[in-house]
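Got chain Z sorted already, so can you dock chain V onto it with the hints?
Protein sequence lines correspond, in order, to chains Z and V.
Heads up: the first sequence is residues 513 to 767, going by my numbering.
Heads up: the second sequence is residues 48 to 438, going by my numbering.
Hints are computed from structural coordinates only; laboratory data are not their basis.
What you were told as hints is all true, and nothing was included just to trick you.
Part of the chain Z face toward chain V, derived, beta carbon under 8 Å:
1. Y647
2. L648
3. S649
4. E650
5. F668
6. R669
7. T673
8. E677
9. A680
10. R681
11. R683
12. Q684
13. A687
14. W691
15. K692
Where is the CB? At the ideal position from N, CA and C, for every residue including glycine.
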Amino acid sequence: MEIVDVRGTPVEAHIAGSGSPLLYLHPEQLFDQTRPHIDALAQKWRVIAPRHPGFGTLAMPDGFRSVDDIAYLYLDLLQKLDLKDALVVGGSFGGWIALEMCVRNTNRIGKLALVSSVGVKFSGREERDFADLFYLSEEQLYATLMADPARWAPRFRELETAAVETIARERQATAFYGWKPYLHNPVLKRWLHRIDVPTLVIWGEQDRFAAPSYGRQLAEHIPNAELRMLPGAGHYPHIEQSAEVIKMIEAFASR
Amino acid sequence: MQVWHFSEMAYHPGWNELGNQLRNVIPSRVCDPKVAADLYHRYLDEWALCDELGLNIMTNEHHTTATCIDSVATIPMAILARETKKVRLLCLGMPIGNRMDAVRVAEEYSMLDVISRGRIEMGFVKGAPFEVTPANSNPATLMERFWEAHDLILKAMTTHDGPFNWEGKHFHYRQVNVWPRPYQQPHPPVWLTVNSPESAFVGGQKGYVIGVLNSGYQRTPGIFEAYRKGAADKRRTAGLDRLAYMAMVGVGRTREEGYRRADQVLDYSRTSRKVGAQFSFPPGYQSPQAYAQALQMPGYGSGVAMRNMTLRNGKQADVFKASVDEFIDAGICFAGTPDDVFDQMKAFYDHVGGFGHLLMMGQGGHITHEDTVDNLTLFSKEVMPRLSELG
Numbered sequence: 513m514e515i516v517d518v519r520g521t522p523v524e525a526h527i528a529g530s531g532s533p534l535l536y537l538h539p540e541q542l543f544d545q546t547r548p549h550i551d552a553l554a555q556k557w558r559v560i561a562p563r564h565p566g567f568g569t570l571a572m573p574d575g576f577r578s579v580d581d582i583a584y585l586y587l588d589l590l591q592k593l594d595l596k597d598a599l600v601v602g603g604s605f606g607g608w609i610a611l612e613m614c615v616r617n618t619n620r621i622g623k624l625a626l627v628s629s630v631g632v633k634f635s636g637r638e639e640r641d642f643a644d645l646f647y648l649s650e651e652q653l654y655a656t657l658m659a660d661p662a663r664w665a666p667r668f669r670e671l672e673t674a675a676v677e678t679i680a681r682e683r684q685a686t687a688f689y690g691w692k693p694y695l696h697n698p699v700l701k702r703w704l705h706r707i708d709v710p711t712l713v714i715w716g717e718q719d720r721f722a723a724p725s726y727g728r729q730l731a732e733h734i735p736n737a738e739l740r741m742l743p744g745a746g747h748y749p750h751i752e753q754s755a756e757v758i759k760m761i762e763a764f765a766s767r
Numbered sequence: 048m049q050v051w052h053f054s055e056m057a058y059h060p061g062w063n064e065l066g067n068q069l070r071n072v073i074p075s076r077v078c079d080p081k082v083a084a085d086l087y088h089r090y091l092d093e094w095a096l097c098d099e100l101g102l103n104i105m106t107n108e109h110h111t112t113a114t115c116i117d118s119v120a121t122i123p124m125a126i127l128a129r130e131t132k133k134v135r136l137l138c139l140g141m142p143i144g145n146r147m148d149a150v151r152v153a154e155e156y157s158m159l160d161v162i163s164r165g166r167i168e169m170g171f172v173k174g175a176p177f178e179v180t181p182a183n184s185n186p187a188t189l190m191e192r193f194w195e196a197h198d199l200i201l202k203a204m205t206t207h208d209g210p211f212n213w214e215g216k217h218f219h220y221r222q223v224n225v226w227p228r229p230y231q232q233p234h235p236p237v238w239l240t241v242n243s244p245e246s247a248f249v250g251g252q253k254g255y256v257i258g259v260l261n262s263g264y265q266r267t268p269g270i271f272e273a274y275r276k277g278a279a280d281k282r283r284t285a286g287l288d289r290l291a292y293m294a295m296v297g298v299g300r301t302r303e304e305g306y307r308r309a310d311q312v313l314d315y316s317r318t319s320r321k322v323g324a325q326f327s328f329p330p331g332y333q334s335p336q337a338y339a340q341a342l343q344m345p346g347y348g349s350g351v352a353m354r355n356m357t358l359r360n361g362k363q364a365d366v367f368k369a370s371v372d373e374f375i376d377a378g379i380c381f382a383g384t385p386d387d388v389f390d391q392m393k394a395f396y397d398h399v400g401g402f403g404h405l406l407m408m409g410q411g412g413h414i415t416h417e418d419t420v421d422n423l424t425l426f427s428k429e430v431m432p433r434l435s436e437l438g
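Bound-form chain Z, shown alone (with noise of 0.2 Å):
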């Protein structure tokens, strides 16, 4: 991890590998879990993967209060970075950051995907998009996050304290960001027509935390947005299927 200075604002971000740029936004927790991931997109692109201020070990930015300031901060990251037609790839929680950075400015960005991503709201008022992070056991959490939980749930007593106090600062930066409205924007489905560079959206056939119909929902308020779907992968396809993540996304970034 390095620290970039953006605006006077330092940035904890993982940059390796070579070739055209890949800005890489992380979900909302497991972020150990997503380094080899992260390795693995660098054998291909130049990967920038910044750590979400409060996720990681420094202090939150003075003023810092919602996605938009994380949407903001990576704008100016991209310009700090002097990055061009930069592929910008959001999971879940970071492809909520990765919504509200498209909607505002594009300049920089030359095409968009989505894993799994949160941020909009589809459902009515009496029905909630993504499962409650924060209402379910742990046992119930994983078998909703995970195609395959017995495999890749953390197992909280096996891990080094550090690795646990890892996944507890990003539960607690998930509940700052997204705890209300709930892993959401209420007005971004309004904006979601100015994201106008091409899009892919990958989505895990067993996702149980949020379902493919809204995947599906999410391609179809995208103007130029395609679907994939993934066997074998739940909410977290780049845990549980990485390879056929990066195949998908090499496609979609080749042609």
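Positioned in the frame of chain Z, the structure of chain V alone reads:
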């Protein structure tokens, strides 16, 4: 010493049916409103009796739970403000980080203070972790909301020259102008609940009364000491009237009767932790370090982790199975004859360096109305007069 009678207004008739979850997830069809009405009136009668016995009154609130159907603490306060005439009324308290309208809290407390002719003690509490779910209050910003609400409420209660502006981080009002103004000037005494030396230090800095709940022999001395350090930090002396301790109390004419009553009151301790782990550790409510520690505890998720009680020798006991003697040993309960209760209180009082308020849970769990009345009466007549001997 001031003594306060506290009850959570439990809906114990639903406990058996509800089993291992008594909070957050429980359907209200289990609550029979006719039974609840009888319970409310009964608990209010017990508080009203306190006015004759010279026991002060304490209420609190919890939400979505059969352990406490006092979901709006200011409602019994309002009834008792009119029904009682002498004793003081403590709300410990108002979860101001979970109340989305802080000015409304100032109005409720001011109105109560006026109706009671200045008998209100005003508690501001963070609230238990499982309270953020019913309030849908963001746990990651709870404390900054708490302190902003605290500042706004006090300013609202003490500003008497017309509207003022408040555009903070969490609360926005252009015209704050609370009527009536409080009876006690500048405002009713402020209490906080405290569960750690860190928060006790802040309480000491501010000079508020801290209520420490069931922290027992092991943890209480450190918390009281931190309060004194906080007071010293602001060049203030912390009198014993700043320190309150909550314990379960069972007094009887015989030791057996006192123990039986305590055992029933202790159903509070046995039921209050019947809650899913995810509700006890909402992310951001505790530090990431404390949350991580919880996630790594053996039994996390099955409720075992939250059932521990520390005995005087430092060993752990399971609150679901502990005896009255073990609760007494832990410093969570005072039980037996009036002499027993006095002796246990004195031992605890000396161990922790004294305190000025006993928050007495004289009613809890399955204890009957008749037993509660006798419990309160015996305490007020046989124990309370001796409390001045404590120091």
